[in-house]
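S.K.: Chains as they are written, first to last, in my numbering: chain A, 430 to 1054; chain B, 551 to 709; chain C, 10 to 499; chain D, 3 to 230.
There's no promise every hint is true.
Unchecked claim - Keeping only pairs whose Cα atoms sit at most 25 Å apart, straight-line, the calculated DSS-like set for lysine-lysine is:
1) C:K296 with C:K105
2) C:K296 with A:K1018
3) C:K437 with C:K105
4) A:K694 with A:K705
5) A:K968 with A:K884
6) A:K1015 with C:K296
Calculated directly from the structure, the hints in this document are not laboratory data.
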Amino acid sequence: MTLTLLDELLLFSGVTVLVALFLGRRLPAGWMVTILYGIQLLSLLKMAPLGYGGDPIPSTLILEVMGQTLSWRFDALSWYFALITLGSALLSSWYACGEWEQRFRQAGGNVWLFHLAMALNVFSMLILLASGDLLSLFIGWELVSWAGFLLMAMAGGVATRAAMRYITYAMVGAMAIFGGIALVYVSAGSLQYDAILTAVSQMGTPHLWMLVILFSAGFGIKMGLMPFHLWQAPAYAETPGPGSAFLGAISSRMGLFAILLVLVKLFGIVNIESLKIPFTLIDARDLLAWIAVFTIIFPTFTAMKQNDARELLAWHGIGQGGYMLLGLVVADAMGAAGGLLHVFNHATYQAALFMAVTAVIHRTGTSDLNKLGGLVVRMPLSFMVLLVGIIGLAGLPPMNGFVSKWLVYRSLLNEGMPLLFVAAVIGTLGTILSVYKLIHNIFLGQLRVEHEHIKEAPWSMMIPMLILAAIIFITGLLPGIPLAWVASVQEAVGLSVPNYTLGGVESASGSLDMIWVIGVLFAGFGIGALVFYSAGKSKRVHQLDNYAGGHFLTADIRYQYSDNFYAGLMHLIGGWYRGSFLWLEKSVKSLVEFLSLGMQGIYRRANAEFYLLSTALFVIAWVVI
Amino acid sequence: MTPTIDLELILYITALGLISIGLAGVVLSQHLFRMVLALVIAEAGANLMLVLAGYRWDAVAPILTSLGEHPQMVDPVPQAMVLTAIVIGVGIQALAVSILIRIRQRFGTLDRHEVAAHMDAEIAQIAGTSRDMSQESPLGERPLPPLPGTPAASREGRS
Amino acid sequence: MNSMVVLPLVLPLFGAFLLPIIMRASVGVGLWVGPAILLYGCWILGNQWISGTAMPFSLAIGGFAPPMGINLYVDSLALLFALAVQLLGLIFWPFKLDPETARRQALMLLLVAASTGLALSGDLFNLYVFYELVAVATFGLISASSTGSAYAATIRYLILSGIGSVLTLLGIALIYSQTGTLNLAHLAQLAPEQLNNKLGLTAFLSILIGVGVKAELFPVNTWVPEVYATAASRVSAFLAGLVSKLALLIILRLLVLIFHQQEAIQVMLFLGILGVVSGELAAWRAKDMRRMLAFSSIGQLGMIFIALSIPDQAGLLAVLALSFHHLLVKSGLFMLADGWGGAIENLRGAAKRSPLAAIVFILFSLSLIGMPPLPGFWAKFTLITELAAQTSPLYLIGLAVFLLATVIEAAYLFRLAALLYRPVSEEKPIDTIPKPAGVSLVSASLFGVGLLAAALFITPVGELLNHVAGQAANAELYIDTVLAGTGGGR
Amino acid sequence: MRNLTGLLFAGGLGFMLLSIASGLDFGAPPMLVGEAIQSVAPQETGATNIVTSVVLGYRGIDTLGELSILFAAAAAAGLVLGRRHTTAGTLTEGGFVLRYGGAMLFPLLMTIGFYIIFHGHLTPGGGFQGGVILAAAFFLPLLARPGARLHHGMLSMIEGFAGSSFILIGLVALAEGEAFLQPMLIQDTLGQLVSAGTLPLLYLAVGLKVGAELAGLLSHLAQTESEA
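For reference, chain A alone in the conformation it holds in the complex:
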């Protein structure tokens, strides 16, 4: 029996877990684990043909358990997601090594547990991505959920609380999927993908509705789709720094992966489109699209109100997931490509942003946007990375976020969905506003006195950030590189493929060539720079070497305030922040509490004999009469 490449990869990943488990208490554990992620990435790159339309690679491991066959294999879809997973794991782990780790340990954190949790997350994600049938998918799904719980909960305190919330949501999702799997199993007689494919074509509408609802709710919870989005931001924001970079980059995309696999590949968009909602003009696909759009808008505008940098980013992570789903359910060649490409792009800039913010926390000790400012002069490289990241997040050229969002918008217009388009643009507006708040409050404005002497982030943290920034720019310049992978993913799940080039996409309704765009942009920058430098000499002065209102400034006077940002805007739209979903969540919880109280009452204030008597009476009466 020869090991396939997939076996090799999973083996390395398992070894990483074991190393983290047994050797993780030694000092250089972080580096060891990082190197092992590197090896895993290399092993994944050996499977690179998958990214260019290669045949799926099976694992030799096939288990027969309780009459079910469990198998694992990698195809283009798995490979694409695995690449993002391992890439972000490698960089996050790299970032964690060295100074961050020492600081974390000094603060009472458990470095061993952190690396173990990361390794477990990666391992379980790879297992999930490799799943070759619905049952192994569910097993991987649960593993990912619990591994994520471990990483989120390990910081203790508020983090544990957020993680508990997460796991409750995740269990709801898992149980929805479990129920869905049971229904599928009954109608298909097997959980193999082939059998399900044939079974789906014979399913009645109610059955299909039920399955679509169960699966999209189940997977959607992990993605933070609209009614189930509340858990995500606190959970990710409270995870230890590099962990949140990793989780923010890829964890909730597992939901998207599963949606792709089950709803798109197995059920087929066509089938979902055929599910009409009675008395309305919309069908299940439109429903999903609108959920996606609301997932873009609401969390993005919630992010705008955050005063904690990490919470702000985490809320954005939810919103960006909406773009991906939106692109996917539009499901034409360009839309799906945009959605899938956005997974990659989002992972890069989200990781970069979390890392930059963590670097700031590392140096200043706070992520409160109201207590920072002016750090650009002290941490210029981190500023650059953050700038690159927010440009990507806002979807502006020249970074990669622009490409994927452009594709999504384009396809919305092409497919004649102007309302969705407008809604998505509103979401982008919110994004731009809130990321400006982020960069302004941290890096621009007045440098605080207490931050006068801080230094740039250490190189162990800087290098991964710079690598990410470079990737963001390069894939923005040459989107054809990831688009090639995306195209093979689309092929693998049975969607049509756009006509992509190295610089973008060509289509009859409008092409995009980022090389040109960026060329023009940089030409513009060049002109601007020319004007700036030719205008005369500028002098660099200390920020307090200034005056206001006729007085010289001193260190204890603030001449620039960064809190209560967007006061005017909030005055306009503030009334819309009602916390309705929070209210919903609370009411569900209170309902459970109430019922629980009632049930305890049944048991505690028991007249047990009366119960027995009445049960006997009713049961026998039911039979006799």
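Got chain A; can you put chains B, C and D on it based on the hints?
M.R.: Below, chains B, C and D alone, put in the same frame as chain A:
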């Protein structure tokens, strides 16, 4: 002898009536000893029901008096079973009474509600939990992390 | 030696009768009597299992052929349960030395013997006798913790169980009046003509409610929280883990062999659903660990009742899988509760005091929730696929309730797990945090190891259970073995 | 309100059960097993009292279980009530008639008890009935003299050995290659005092056990009453 409907009905009414009385007694009485007594009554009913299952018109007790021909005899199996059931009942009643003695000594009462209240209190005391069923938030709760849209979102306010 | 199977049933009785005398003569010898008997029982049953080519077989007590005499019916299901009884009896053996040791150990032996009898017996009234013996022994063991609350809990349980017995006896009387026999196989033969009517149904429901008292059937399970909260953990573990399953076994046999009416099944399904709902919801707010486990046990038993309402092979497989899984997990959890038994609040930071216990607890919780590679997942998987395959909408409601209950279960179990890992508050010395006693922790870990082993060998275990379920679901096999068999041991 | 409901429910249940039970063919039971036993019992067990052959033979294990229940109840009661018996010194002594009447009844009751036990296989009666009378014999003096005590060690000896000899008799059969509790030594004529093989021995064991058990239980109850 001709079987009469009356005897049958009377016997069944007696047996099932005893069970019903016992059940009602257990449900209605507030005193644990009375509940035990009601249980005894109900058991008597069930035993009677069991022994009725073997009754036969025109038959004698299942004991051979002479070899060879013997008259029709009633079913011996329910009789044996009822013997067993009675003894089981006696054992349980004796145990019940001895437990009642102890409860009386510990709690000074045999009223079911008072005993239940004492019991709840003692369980809670041993476990170290608060006994009341107040609406306070369940264990492990912490105030939620700063929420979107609430004024408290700014963690420390202005600096 | 098929006839040896009677020994694990009789020897514990023998030992129990003599134990007070032996103890009086020599405590040192007396302490070894019980474990030796149970070990011997394990050995016999294990041997029977290994060499069990001739299974199932029927063993006539006293050599009287079945419909007249009482027979033991030994199939793999009965043997499995009998073996579990002996093993758990050994694990939960009351070692504690005090003036009452002899009585407590004698009661434990009686409990083991009666439980073995429940697993093996093939006669309805004989089952009733053993059921009562289990009850009495249980009352004794519960009240052995000799607190006032234990006595109060016992008497409440006793009265409820007494009414249950009355109903059971009534059901037996009705069945006997109708058919003139009590042998299960014989009844199974007669049932299609004689018990497939209202009378049969009434008899079954009376027995169901009566036996349901011990099987923690909603709503006659109100004794559960208070008894489990007051009894010693080992006793609670034995009750929750095994005795409830044995009561279920009676119902299972009746369903498979005798009563096939839809109404009977629907009642069970309905009450099972209510049991799941009430148990899991009540556990959500429970403030001390034993009560939480008790409520969770009610919920789990409700799930098993739901599974039992599909009395074919696949349903029985789910019943068995859930039962044995619950047996392992709940026994282990109750062993942890021996020491962790108090208020949940006090457990804050307990992981620091006893890391192993915390890990074992998490393992059990994960399995209880149905985390995939662990056996709990497979048990739940078999159940939900079966439920989804049923046509009646009540089953789908059962499925939905089952899934929602799992969410609640996960929430309260992991709330506790997270609490275990909370940092300890400063002013509280670490020694004051409760910690499971050594022996209990070892037994709990033993159950944990068993769970992991089951996870590792899930395929053979699954096949085994499937085989057992197949044998148990085969009513013809039962009838043929008992009535046409030669009486096995003669 | 709940009282009314309880009453109504109990009545309703009884009524429904009655309507079910009235469907039974009273007085002409099917007696499938009963008939079969009646026809073969005298030959198989050698007892003229067929109830006895059912109790000790056909359903012998039931009887064993029942003995165990009694034993369990006694042990549990002992566990609950504890060993610390205070003699009830405060209770008044019984009068002359009571004391001496009790003493005089003692041999009488013993004789009757043993008679009933030994004739259990021939006539109505047997181990249980006789055992109860034996227990009464021991308990009567206790009532007459509240200060008196039963010898608990003796009682537990009797109950232990009686119970275990029941099982031993069964096990001997097993060791002989027969089934557990199979009746043996049946060679005598039907209806004699010494007949029915091991059955009278079993009944003796049952009688002694029941007597000891009940006496123990009762004295436990009687003596614990006054404990503070």
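S.K.: Compare the structure with each hint and give your call.
M.R.: Comparing the hints with the structure gives:
1. C:K296 with C:K105: Since the Cα atoms of K296 of chain C and K105 of chain C sit roughly 28 Å apart, the hinted pair is violated (cutoff 25 Å).
2. C:K296 with A:K1018: holds (17 Å)
3. C:K437 with C:K105: violated (31 Å)
4. A:K694 with A:K705: Distance of about 20 Å is within 25 Å: holds.
5. A:K968 with A:K884: holds (23 Å)
6. A:K1015 with C:K296: holds (21 Å)
Hint violations for this structure: numbers 1 and 3, all remaining hints satisfied.
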